[in-house]
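Make the full structure from the sequences, and use the hints.
So the protein sequences, as listed, match chains C and W.
Numbering follows numbering that gives the first Met the number 0, with no gaps: position 49 of the first sequence is 48.
Numbering follows numbering that gives the first Met the number 0, with no gaps: position 88 of the second sequence is 87.
Calculated directly from the structure, the hints in this document are not laboratory data.
Fair warning: this is a prediction, and the values are worked out from it, not measured in the lab.
So the derived label-pair ranges between C-beta atoms look like this:
hint: 1; chain 1: C; residue 1: R100; chain 2: W; residue 2: N1; range: 56 to 62 Å
hint: 2; chain 1: W; residue 1: L151; chain 2: C; residue 2: M0; range: 42 to 48 Å
hint: 3; chain 1: W; residue 1: P129; chain 2: C; residue 2: R100; range: 49 to 55 Å
hint: 4; chain 1: C; residue 1: N97; chain 2: W; residue 2: R117; range: 47 to 53 Å
hint: 5; chain 1: W; residue 1: D138; chain 2: C; residue 2: V69; range: 14 to 20 Å
hint: 6; chain 1: C; residue 1: E55; chain 2: W; residue 2: L77; range: 43 to 49 Å
hint: 7; chain 1: C; residue 1: L80; chain 2: W; residue 2: P129; range: 36 to 42 Å
hint: 8; chain 1: C; residue 1: M0; chain 2: W; residue 2: G163; range: 54 to 60 Å
hint: 9; chain 1: C; residue 1: V58; chain 2: W; residue 2: T114; range: 18 to 24 Å
The C-beta atom is built at its ideal place from N, Cα and C for all residues, glycine as well.
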Amino acid sequence: MIGLVHFLTVGGLVFAIGLYGVLTKRNLVGILMCIELMLNAVNINLVAFSRFITPEVLVGQVFAIFTIAVAAAEVAVGLALVFRIYHDRNTVHVDRLNIMRW
Amino acid sequence: MNEWAYTIAFYILAAIIVVSAIGVVAKKNLVHSALLLALCFIGVSGLYILLEADYLAAVQLLVYSGAVAIIIVLGVMLTQHNNINDTNPSNNFQRLSSIIIGLFFIMVVVVINFTPWRSSVANAAQDTVPIIAQLLLIDYMVAFEAVAVLLLAAMIGAILLARGVDKS
Chain C
0 MIGLVHFLTV
10 GGLVFAIGLY
20 GVLTKRNLVG
30 ILMCIELMLN
40 AVNINLVAFS
50 RFITPEVLVG
60 QVFAIFTIAV
70 AAAEVAVGLA
80 LVFRIYHDRN
90 TVHVDRLNIM
100 RW
Chain W
0 MNEWAYTIAF
10 YILAAIIVVS
20 AIGVVAKKNL
30 VHSALLLALC
40 FIGVSGLYIL
50 LEADYLAAVQ
60 LLVYSGAVAI
70 IIVLGVMLTQ
80 HNNINDTNPS
90 NNFQRLSSII
100 IGLFFIMVVV
110 VINFTPWRSS
120 VANAAQDTVP
130 IIAQLLLIDY
140 MVAFEAVAVL
150 LLAAMIGAIL
160 LARGVDKS
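Structure representation (structure tokens):
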């Protein structure tokens, strides 16, 4: 019997993988991809809660729709920033963007 | 719904999602990472169908595996590198990160398994679109309008950032 716990475990696993990617990747576009993975994991959790705890209200699905909209805005602005950094500095590797490091 | 079919479909979709998510992180080629990310989004949309959220599954397919994956592939193409085979390297914190992430995941699993969830046994709503419309356009109308303004602001900001401001 597949229940709430299974879906939450999948969500937690995908979130952990995305967090690992954010901590270890060196390419800015790769970091953005891992952030998208984390947002998707949170969406899985929201929809699973909506299905198994309040199946007739669907508030969790509305939250997931808002998360999707904010994620779309985030990826657009993030990639515009990446283009700008690439245009100005000719690199997208975070190791070389260390001008504000002490 | 048939219990066995549901269980098998869940495990297949979960395997697709987790394996492609690991691939996104582990692949050295950034184009492969982007394509695996699209596969992961399609798997998540399958999970939404299993959770009887059909509208959200359609939105996931359209917005994520349609728009976001295409934008990311475009981002990979526009930040061109000399050698595409080594565009997604990792830094030197892999061991420390995997220890921290492992502890984090164990903590999450323990919390999930020891929380007494108040599960409801009611069936899911069959026709989700009218209920979601009611919620979006009446109960959460202010948030809905705020998201619309946020999307517009993000679009203008992205165009300005990518194009650059005229010096003259």
